[in-house]
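2 protein chains.
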Amino acid sequence: MSRPAPLHLIPLGGLSEIGMNLMIYEYDGQMIVIDCGIAFPTSETLGVDLIIPDIQFLVEHRQQVLAFVLTHGHEDHIGALPYIWPQIGCPIYGTDMTLGLVEHRLREHQLHTQAKMVHVDYRRPFQIGPFNICYIRVTHSIVQAAALAITTALGTVIHTGDFNIDHTPKNGVGTDLFRLAHYGEQGVLALLSDSTNVTVAGNTRSEQIIEKCLDNILAEATGLVVVTTFASNLHRLQTVIEAAERCGRKVAMVGRSMLTYMQIARSLGLIKLPADSVIDIKAVDYLPREKLLLLSTGSQGENNSAMVRITNDEQRNVRLQAGDTVVFSSAFIPGNETTIWSLINMLNSKGVSVKHYYAQRDIHVSGHAPQEDLKLMLALTRPRFFMPIHGELRHLNMHRQLAHEMGIDLQHSLVATNGDYVELDGHSIRIVDHVPHGRVFVDGKGVGDVGDVVLRDRKHLSEDGIVVVVMVIEKESGHLLERPELLTRGVVYEDESQDLLEDAKMAVEEAFDLGPKALDFNEDEDVGIDDLAVRALRRFFKKRLGRRPVVLPLVMEM
Amino acid sequence: MSRPAPLHLIPLGGLSEIGMNLMIYEYDGQMIVIDCGIAFPTSETLGVDLIIPDIQFLVEHRQQVLAFVLTHGHEDHIGALPYIWPQIGCPIYGTDMTLGLVEHRLREHQLHTQAKMVHVDYRRPFQIGPFNICYIRVTHSIVQAAALAITTALGTVIHTGDFNIDHTPKNGVGTDLFRLAHYGEQGVLALLSDSTNVTVAGNTRSEQIIEKCLDNILAEATGLVVVTTFASNLHRLQTVIEAAERCGRKVAMVGRSMLTYMQIARSLGLIKLPADSVIDIKAVDYLPREKLLLLSTGSQGENNSAMVRITNDEQRNVRLQAGDTVVFSSAFIPGNETTIWSLINMLNSKGVSVKHYYAQRDIHVSGHAPQEDLKLMLALTRPRFFMPIHGELRHLNMHRQLAHEMGIDLQHSLVATNGDYVELDGHSIRIVDHVPHGRVFVDGKGVGDVGDVVLRDRKHLSEDGIVVVVMVIEKESGHLLERPELLTRGVVYEDESQDLLEDAKMAVEEAFDLGPKALDFNEDEDVGIDDLAVRALRRFFKKRLGRRPVVLPLVMEM
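Line by line, the protein sequences give chains R and F. Read in the working numbering, the first sequence has 483 at position 483, and its numbers run on one by one without any break. Just add 1000 to wherever you are in the second sequence, counting from 1, and you've got the working numbering.
It should be emphasised that the hints constitute simulated quantities derived from the structure, not laboratory data. We put the CB at the ideal spot given by N, CA and C, even for glycine. Mixed in with the good hints there might be a few duds.
[To be verified] A few chain F residues facing chain R, derived, Cβ under 8 Å:
# : residue
1 : Pro1288
2 : Val1470
3 : Gly1546
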């Protein structure tokens, strides 16, 4: 019997960051891609709309790619498909809900009719080339999430996707511990497990605790109640709608994505609502405020989201007033804290009572496994090798340490990051190569045309603004035909700074009179009048204002 | 006996925000100003260096202002003095350490010789006009902090400043509970109390717990150890230096503010260091790394701070390597989290072990009183009226609620915000008027010349960049003499976008050919060629890139 070929794991995203998950499995020259997600922009990626993985490597090996296999329908697992799938063009596998969301995203890019979608059931293994794949149900903050058992001639790898272990989820069907135990009993080659919440102690707190918490809040509330949460968390939406029903409130939904998710879920029969429990937002006028509950997007204080519009009195159908209640049924994603707190302060100033996770823990539970759940996953699957996925370096390192405490030899585990080419051969796990990887920025319709240079410019512009200096010269003589013209934006308030700008103009003219040496250029330098103007203006604004605006010269020859 | 005049409290900063503390006490036409702090810039105040309160009201009443009375030396309590004091020009009261720091700040602005400073001792009441003031010792994350007992004919107000209640502080002298109890026994008219940590349950954890935690970390550490913390927290610095001494490491300090604070504290005899325990950073080469501990600024990941430079291998004297340890002895200030975590990931990637508050709670304690301390303050002082200070609206509201639970009638307490004119007359507390207030931005040498318009421009520039279009026309005919010129910054990478820019130029020329109507201007509008160019370019970039850069036109007449 010949020795089986090694398995290769090639993460192009999600390993050294939260989000942008994309992992390639390569076996015997054939590949599948697990998940294809985006990362969200940060305060550093100015103006960028979203971030997708650099897939140069995948494109080069396009011929070998058999399928995209998706664990669940969150944006950080499917959101990059509209940009990446067209370059690869193979079937997409997933559960009904996941593919419903994929179709919605592809439709936005007029791609939905082209992609072949393969609907997958839990516990029904199927074959893609050398890979036998079995979807295993896991609980997460979206319905129909899955861990994958990926079996090749070398053995079975469990790829958890995002998961937690909620024993009493909304729909009564928890993480499929039996199937995980089945593989553990048989013998698991390797476990690749979600590290997002490895810093959190304890077990998953069940979605159930939210019911009681909401009931208490609603029992006390006298005015209008707004609950904001992630639109993708169907179980949460259902929990809220049922709580509203119990206390005699009708629910109206606000925010486009809320309607999208609900529509897809309803068409798949994944959400069951009490009759007449949900009304159209346009009908809210017909109900007294104490009979109404709004379910809103914008729990992260996203720009122009429904919750922000409601707070700013910009929502067409409702206006908050003193005595109303707003419930944030969500955690604050790192980076969004200050925005959300200022939203809450604004609501407070209107006399609106605000309930949130940081005062009432039972108003939200995370979809990611904390430490004790992660240990249970390790215990059930008893893997020979371990590789943490989904997380920043600090998460991955900590998860590897946790696995070590569970008996996984450090020689048998590995922290890999994006672009590592990991080989698993039954005897060892190691990084044998590196492949191109990186982040590609999507800004408006442009994919990849905004890079680090442009971002550096935007950062500079954002800190000190810009000064444009235009000089018209005679072609032959090189003499100025007019006084230089100055335009500024983001430097000072121009209407009140005419004197300053006049002085700046004079500084440029003086520089022309005195020549390069007065501005400390070397004698042998080839100094144009644009160079002179730029240096003169830089020095002027530094000295006068202590600022360093971008200075942009334009010389027009006539 | 005539009825005593009412007391007025006029907050110009710190009430509806964290930072920028400034509160005016007015009695019988005379005023004192308690604290004069800055707020730190946020992700919204692009490029701004610091924020100070708008003191128009104070300037208008300059003749009535008798003194600045400072509770302690943190920047959010003294940092605005260099900008505000020159406009008022009265004596400044404070403890030795506080005035040492004030002098340092004023010296940076060449103002230190002009200001009259009055050094104050605890428990030694003094009179300023109608105000009798007694400094009461409180523990806080800076030495020589004070609460103030401010007595007028109407009664005594306790103004806590920033405080916590640490029964076992580093120097052995805790918050002066006796003095607080003394006033409580006599009868306190009103309490104005620090709300910063009102959301935190429990009591202050003493600075002492940090010693044991540090000892454990140092016992395990094999390589170089870097501890980063706030330079102003002298007790913390002393704790670290002593722990280093115990385990046989010499301490070298990095970061300018660390040296400043140490120098002032030593000159005042406020820090006692074991002999030879501190060495110059330039001498670190002579010691093996396991005999060395660096004490560094930059615990908040501040741009260009020592900790950032160390992490980026830009510090001249030391280079981190695998096996070294970095200790963040600090909490992460809201808004800084992502920056600090990415610093930690970077350290992790070098194989450096990182210890921080969010994994080891005993590595830091807060300087602000949590709920049980706040209750103790209320219990000891037993005030008739209560007004929460230092906090966002949500903190102030919660603190008022806490006071209510402690028996303060809601009629006797008040949430005031900046600019409110609060009257206290012995029978009631209420807002009777409003005065001008606001935030003034300091950017480089400019104070107040960057306002909301400039910030809005910077924000816009940061998101989509800028396009400048220059058109040279003949004065008489209005005809273009040259093709329009385009410059962009922060929109696309220009070197790779020549075609795009050529197309944009053509879009402008086409607009000139087709005239205003083709761009949907109304027939009766007065449309210049600058208007045409701007609209043409906006539409071009929207359509082509889905972006909305700032478009800045310049028409030069020849």
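Status of the hints after comparison with the structure:
About 27 Å separates the beta-carbon of Pro1288 of chain F from the nearest beta-carbon of chain R, more than 8 Å, and the hint is not met. For Val1470 of chain F, the interface hint holds, since its Cβ comes within 8 Å of a Cβ in chain R; the closest pair sits about 5 Å apart. The restraint placing Gly1546 of chain F at the interface with chain R holds, with a minimum CB-CB distance near 3 Å, inside the 8 Å limit.
Checked against the numbered hints given earlier, this structure breaks only hint 1.
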